[in-house]
Amino acid sequence: MLLYGCSTPPDKITLLPNPDGTVGTVVVHNGNQTQVIDQAYTRVDVVQGRAIEQTADTPSNVQAHYGDLLAAQPPRPVTFTINFVFDSATQLAPESAQTVEQLKRVLATWPAPHLTVVGHTDLAGSQDFNDRLSMQRAKSVAAFLVKAGIPPEQIETAGRGKREPLVHTADGVPNQANRRAVITIQ
Numbered sequence: 001m002l003l004y005g006c007s008t009p010p011d012k013i014t015l016l017p018n019p020d021g022t023v024g025t026v027v028v029h030n031g032n033q034t035q036v037i038d039q040a041y042t043r044v045d046v047v048q049g050r051a052i053e054q055t056a057d058t059p060s061n062v063q064a065h066y067g068d069l070l071a072a073q074p075p076r077p078v079t080f081t082i083n084f085v086f087d088s089a090t091q092l093a094p095e096s097a098q099t100v101e102q103l104k105r106v107l108a109t110w111p112a113p114h115l116t117v118v119g120h121t122d123l124a125g126s127q128d129f130n131d132r133l134s135m136q137r138a139k140s141v142a143a144f145l146v147k148a149g150i151p152p153e154q155i156e157t158a159g160r161g162k163r164e165p166l167v168h169t170a171d172g173v174p175n176q177a178n179r180r181a182v183i184t185i186q
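Note that the UniProt record's numbering numbers the sequence shown so that position 99 is 99, with each residue one more than the last.
Do not rely on the hints blindly, as some may be mistaken.
Derived pair list, reagent style DMTMM-like, types lysine to aspartate or glutamate, alpha-carbon separation capped at 25 Å [what the hints assert, rightly or not]: (1) Lys12 <-> Glu53; (2) Lys147 <-> Glu53; (3) Lys147 <-> Glu95; (4) Lys139 <-> Asp128; (5) Lys139 <-> Asp87; (6) Lys147 <-> Glu101; (7) Lys139 <-> Glu156; (8) Lys12 <-> Asp68; (9) Lys139 <-> Glu153.
Honestly, the hints are just simulated from the structure, not real lab data.
Produce the complete structure using the sequences and hints provided.
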């Protein structure tokens with residue numbers, strides 16, 4: 001009698017560095033085995049019931065094997081912060097002009113962007129007032145993005161009021177850094 005075992009190809013896991021060069025950690029489990037990989041371009045091959053095999057790979061080898069897959073990745077999200085003057089949902093703080101120009105350049109090259117705009121306020125004023133103001137800020141930025149050619153259905157807006165300050169202050173204390181809209185492009 002002859003038995004043939006079904007053999008499945010190994011699962012291959014390769015740890016890639018982040019765009020800034022930092023490297024995270026991946027923990028791989030297979031049965032009662034655990035392998036931690038924390039070096040860029042380290043690869044593990046995992047086959048059910050067998051030992052986890054770890055090998056060092058190179059950037060050029062990874063590119064040769066997975067170049068098409070890597071090229072198909074969407075761009076990583078990018079975040080921009082636009083600041084507003086006190087009590088305004090439409091008047092930008094002077095330092096925001098440069099941010100708006102950077103945002104326009106990125107949008108011009110982004111394939112099918114989806115944007116999330118979240119308005120914020122400082123801690124001066126009531127919760128209700130700041131909730132309305134933060135949403136007005138988000139909608140003001142969204143209107144600007146629509147004028148720049150982004151379809152409205154690709155933009156989500158939200159207001160956080162004074163719940164998520166960038167700079168923590170006592171309640172009632174104004175702070176320019178907290179009067180903002182955060183735009184995330186995905």
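Right, here's what the structure says about each hint:
1. Lys12 <-> Glu53: holds, 10 Å
2. Lys147 <-> Glu53: violated, 54 Å
3. Lys147 <-> Glu95: Satisfied, since the Cα-Cα distance of roughly 21 Å is no more than 25 Å.
4. Lys139 <-> Asp128: Given that 25 Å is the threshold and the Cα spacing comes to 17 Å, the pair holds.
5. Lys139 <-> Asp87: At roughly 15 Å apart (the allowed maximum being 25 Å), Asp87 and Lys139 satisfy the hint.
6. Lys147 <-> Glu101: holds, 14 Å
7. Lys139 <-> Glu156: Roughly 9 Å between the alpha carbons, so the hint for Lys139 and Glu156 holds.
8. Lys12 <-> Asp68: Within the cut-off at roughly 16 Å; holds.
9. Lys139 <-> Glu153: holds, 13 Å
Checked against the numbered hints given earlier, this structure breaks only hint 2.
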